[in-house]
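Sequences are here, hints too, so could you generate the full structure?
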Amino acid sequence: MKNILRDLALEKRIDAYVKGQLDEEQAHQLWEDLLKHPGYIELLETELGLKAMLENQGATERPKSSVKEIILYQLQASRKWVAAAVIVITTIVGMNLMGPENSHSTQGLALAEINLRQQLITAPVTRSQNAHITGADSLLNLGFKAAIQGDVDGALQLYNEVVTKFGDDPAAVRALLNIGMIHYNTGYFMKAISSFKEVIEKVSEQPIAEEKAYWYLGNAYIIQDKFILARDAIQKAYDMDGIFNRPSANLLESLDKKLANQE
Amino acid sequence: MEYSELPSALRADDTDRVNELVKGLYPRLLAFLRIHMNANKADAEDCAHNTLILAMEAIKEGQLRDQERVITYILSIARNDYLKLQRDQREKYLEELSSDYEQYVPPDQLQSLFDKEQERLLEGCLNQLEEKYQRFMQYWFDHPDDSAESVADEFGISINSVWTRKHRLIKRLNECYRKKIKF
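Those protein sequences? They're chains G and H, same order as listed.
Okay, so the first sequence: first residue is 1 according to the working numbering, each after it adds one.
Okay, so the second sequence: first residue is 1001 according to the working numbering, each after it adds one.
Just so you know, these hints were derived from the structure itself, not from any lab.
All of these numbers come straight from a predicted model, not from anything done at the bench.
Please note that the accuracy of each hint is not assured.
20 Å max Cα-Cα, derived EDC-like pairs, lysine to aspartate or glutamate [to be verified]:
(1) G/51 - H/1119
(2) G/19 - H/1149
(3) G/51 - H/1145
(4) H/1171 - G/15
(5) H/1166 - G/15
(6) G/51 - H/1146
(7) H/1023 - G/33
(8) H/1171 - G/7
(9) G/165 - G/201
(10) G/19 - H/1145
(11) G/36 - H/1002
(12) G/258 - G/232
(13) G/36 - H/1005
(14) G/12 - H/1153
(15) H/1116 - G/45
(16) G/51 - H/1131
(17) G/202 - G/169
(18) G/19 - H/1146
(19) H/1166 - H/1154
(20) H/1179 - H/1130
(21) H/1041 - H/1088
(22) H/1166 - G/11
(23) H/1041 - G/42
(24) H/1132 - H/1149
(25) G/12 - H/1142
(26) H/1171 - G/11
(27) G/191 - G/232
(28) G/191 - G/113
Given below as structure tokens:
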């Protein structure tokens, strides 16, 4: 390996990543930087290997779990449930929730329903939060469990709990987005709009959540025949140049035609 | 490597430059998928290939408006492509299992990047370090919530030296491990 030019700030972020202290957005940003500094990718891989090795050794030497470890295990178990639940839902409530993401309403413009199975946000399962499953994450996962079982009220209650208890945590924004999506699917479009607007207001450094909020906000406005507001929201989703860029471009085109016809 | 050149190289049909950039990008994407997305080797390879194809097609079609964001764009494609692959695999598995879905064991645990043999090689490298350095690495991972200040206090060195020592030790271990794995 060639000598790499040291970047202490990057090393500190890598360290936080290895310890599971970055959220998904921060981890994504880190990877963008790592792709420009490949020397550090190799070191990261070795560091993760070393960490796993030392932890494995520690586990075999450690006779009893501490209270902290037991709690962590329980929280991680809830994450396991989510993975299992993804399978279960297809047989239990899939008929209600599994409409394709691009299914459209009778107006032909807005989404008829949101594919909750794909779009509800749970706690991240990537390495960014491997060692850091928080209470808020756990509630998000339980909310997902409730939603896919068809227990909409239970899901809303759990997501509201995240918002109330963890107002400053990024998980609260994720919960708000999930609340909005559930309201959208149950036909409470005013409530959905209110949730999506709150996401946009509160979101910080979570571009995926922000983009989703604009996209679904725009769709909710279309259903309410508020085409100018819808256009504005969809334009914002389009400008974010992310996963909804292409559908936003298509929808903007349709909205422009609709607005032109109205004039 | 300047990836923001990729869109202009594609538009100019500069095959040599495109190949050079893609060749450099592929192993890094693979690392992203293996390490961050927790993909197994075969899935990571599939997704990395797929991502590069999708990204190049999309860039050629002019879907990337800000070429400075090419890395963000490519990572998003890789992430989405892998998540889609996972969903497809789950659904396929479900179809095969039909009513017997309880037996499914989801891939919820982060996979170890190193297999037993690789771990053994790395352990050998760690054992070659002086004892005080072995203790430093052990302490580092045993106390993930400790600040660099606490580690500095524990080992009687400055905070800057903590970061330098950690970097040098990981680098030494990496070099030792890479050398061993070649044999």
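Against the structure, the hints come out as follows:
{"no.": "1", "hint": "G/51 - H/1119", "result": "holds, 10 Å"}
{"no.": "2", "hint": "G/19 - H/1149", "result": "holds, 17 Å"}
{"no.": "3", "hint": "G/51 - H/1145", "result": "holds, 14 Å"}
{"no.": "4", "hint": "H/1171 - G/15", "result": "holds, 14 Å"}
{"no.": "5", "hint": "H/1166 - G/15", "result": "holds, 10 Å"}
{"no.": "6", "hint": "G/51 - H/1146", "result": "holds, 15 Å"}
{"no.": "7", "hint": "H/1023 - G/33", "result": "holds, 18 Å"}
{"no.": "8", "hint": "H/1171 - G/7", "result": "holds, 14 Å"}
{"no.": "9", "hint": "G/165 - G/201", "result": "holds, 18 Å"}
{"no.": "10", "hint": "G/19 - H/1145", "result": "holds, 8 Å"}
{"no.": "11", "hint": "G/36 - H/1002", "result": "holds, 8 Å"}
{"no.": "12", "hint": "G/258 - G/232", "result": "holds, 14 Å"}
{"no.": "13", "hint": "G/36 - H/1005", "result": "holds, 13 Å"}
{"no.": "14", "hint": "G/12 - H/1153", "result": "holds, 18 Å"}
{"no.": "15", "hint": "H/1116 - G/45", "result": "holds, 15 Å"}
{"no.": "16", "hint": "G/51 - H/1131", "result": "holds, 17 Å"}
{"no.": "17", "hint": "G/202 - G/169", "result": "holds, 10 Å"}
{"no.": "18", "hint": "G/19 - H/1146", "result": "holds, 11 Å"}
{"no.": "19", "hint": "H/1166 - H/1154", "result": "holds, 14 Å"}
{"no.": "20", "hint": "H/1179 - H/1130", "result": "holds, 19 Å"}
{"no.": "21", "hint": "H/1041 - H/1088", "result": "holds, 17 Å"}
{"no.": "22", "hint": "H/1166 - G/11", "result": "holds, 10 Å"}
{"no.": "23", "hint": "H/1041 - G/42", "result": "holds, 16 Å"}
{"no.": "24", "hint": "H/1132 - H/1149", "result": "holds, 18 Å"}
{"no.": "25", "hint": "G/12 - H/1142", "result": "holds, 17 Å"}
{"no.": "26", "hint": "H/1171 - G/11", "result": "holds, 12 Å"}
{"no.": "27", "hint": "G/191 - G/232", "result": "holds, 19 Å"}
{"no.": "28", "hint": "G/191 - G/113", "result": "holds, 15 Å"}
Checked against the numbered hints given earlier, this structure breaks none of them.
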